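J.: Here's the letter readout for the chains.
Number of protein chains: 2
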Amino acid sequence: MAKGFSIMIFAFIGGSSRYLVGQAMPATTGFPWATLLINLVGCGVLAWLSHAKRLTAHWPEAVTIGLGVGGVGAFTTFSTFSVETVRLLNGQHWGIAAAYLSATLLGGLLCSWLGVWTARRWWTFRVEEE
Amino acid sequence: MAKGFSIMIFAFIGGSSRYLVGQAMPATTGFPWATLLINLVGCGVLAWLSHAKRLTAHWPEAVTIGLGVGGVGAFTTFSTFSVETVRLLNGQHWGIAAAYLSATLLGGLLCSWLGVWTARRWWTFRVEEE
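Chains as they are written, first to last, in my numbering: chain C, 1 to 130; chain X, 1001 to 1130.
Among the clues, some could well be false.
Under the rule of at most 25 Å between Cα atoms (straight-line distance), these lysine to any residue pairs were calculated in the SDA-like manner [as the list claims (entries may be wrong)]: (1) X:K1003 x C:R121; (2) C:K53 x C:W117; (3) C:K53 x C:R121; (4) X:K1003 x X:A1052; (5) X:K1003 x C:K53; (6) C:K53 x X:G1030; (7) C:K53 x X:A1052; (8) C:K3 x X:A1052; (9) X:K1003 x C:M25; (10) X:K1003 x C:L20.
To be clear, the hints were calculated from the coordinates, so they are not data collected in a lab.
On a predicted model such as this, the values are computed, not experimentally measured, just so you know.
Okay, chain C solo, but in the shape it has when bound (with noise of 0.2 Å):
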């Protein structure tokens, strides 16, 4: 019940912080920067988040997991992405289209994997992965 209100607010607050990027880096080099942004630094919370254990261990699960879930998720988004990119394609920018997709693609996993490397590094106890 606490786990699924705290997801609530914090979904609203990540929903909104991702708008609010959004309107501080208006589109005028027709490169969607803001996206690639929330996603990456996205990417990198999340993967710290649920991996830092011996320092989210000591936090409410709610607060966790409505950080997580709640709020990094629905700070990132999939969507605009996957839409952005189709605009691109469609208007024949094949070469920001790619860049697009590959600067997102790889540099989320990139983020995901410093993430995880510096949470289990410093901020976890030597537990194995599930």
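Following the hints, position chain X against chain C.
T.: Chain X alone, transformed into the frame defined by chain C:
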């Protein structure tokens, strides 16, 4: 103002719905079906919504933007997709990781394209793409 408020409300609904879908489809098989389904549906809906102009022209702007940016944006998630992929790679489940990655990426682009296509075919004015 109304736009910002609408985005917040819809983000709340979108993020909570993602959690509920995840709860209804527990990851028993090792393949993240819930995230895949959420992201594919979200891509189709957002693409449709942002191109179905004949229909949405009659809606208040706060509703279309709230639903798209807030609702569908918070429903889909790039961070969970990326962290799940890194987890599969770290666990050396190469085949599942490759299948998940390509199903999400190609499926997402296909669903976005389908959303654009159906909206243009039936629910749009004959307008030039911006």
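J.: Run the distance test for K53 of chain C versus W117 of chain C: straight-line Cα separation, threshold 25 Å.
T.: holds, 12 Å
J.: Between K1003 of chain X and K53 of chain C, is the straight-line Cα distance small enough, at 25 Å or below?
T.: The given pair, whose Cα atoms are some 38 Å apart, is violated under the 25 Å limit.
J.: K53 of chain C and A1052 of chain X: Cα distance at most 25 Å?
T.: Not OK: K53 of chain C and A1052 of chain X at ~45 Å, beyond 25 Å, violated.
J.: Mind checking the alpha carbons of K53 of chain C and G1030 of chain X for me, to see if they're no more than 25 Å apart?
T.: Status holds; Cα separation ~22 Å.
J.: Going straight from one Cα to the other, do K1003 of chain X and R121 of chain C come out at no more than 25 Å?
T.: violated, 42 Å
J.: With a cut-off of 25 Å on the C-alpha distance, tell me whether K53 of chain C and R121 of chain C pass.
T.: holds, 11 Å
J.: For the pair we were handed, K1003 of chain X and M25 of chain C, check the Cα-Cα distance against 25 Å.
T.: Since the Cα atoms of K1003 of chain X and M25 of chain C sit roughly 17 Å apart, the hinted pair holds (cutoff 25 Å).
J.: Keeping to a limit of 25 Å between CA atoms, is the pair of K1003 of chain X and A1052 of chain X held or broken?
T.: holds, 19 Å
J.: If you draw a straight line from the CA of K3 of chain C to the CA of A1052 of chain X, is it 25 Å or shorter?
T.: violated, 36 Å
J.: For K1003 of chain X and L20 of chain C, compute the direct alpha-carbon distance and say whether it is at most 25 Å.
T.: holds, 12 Å
Of the numbered hints given earlier, the model fails hints 1, 5, 7 and 8; all others are met.
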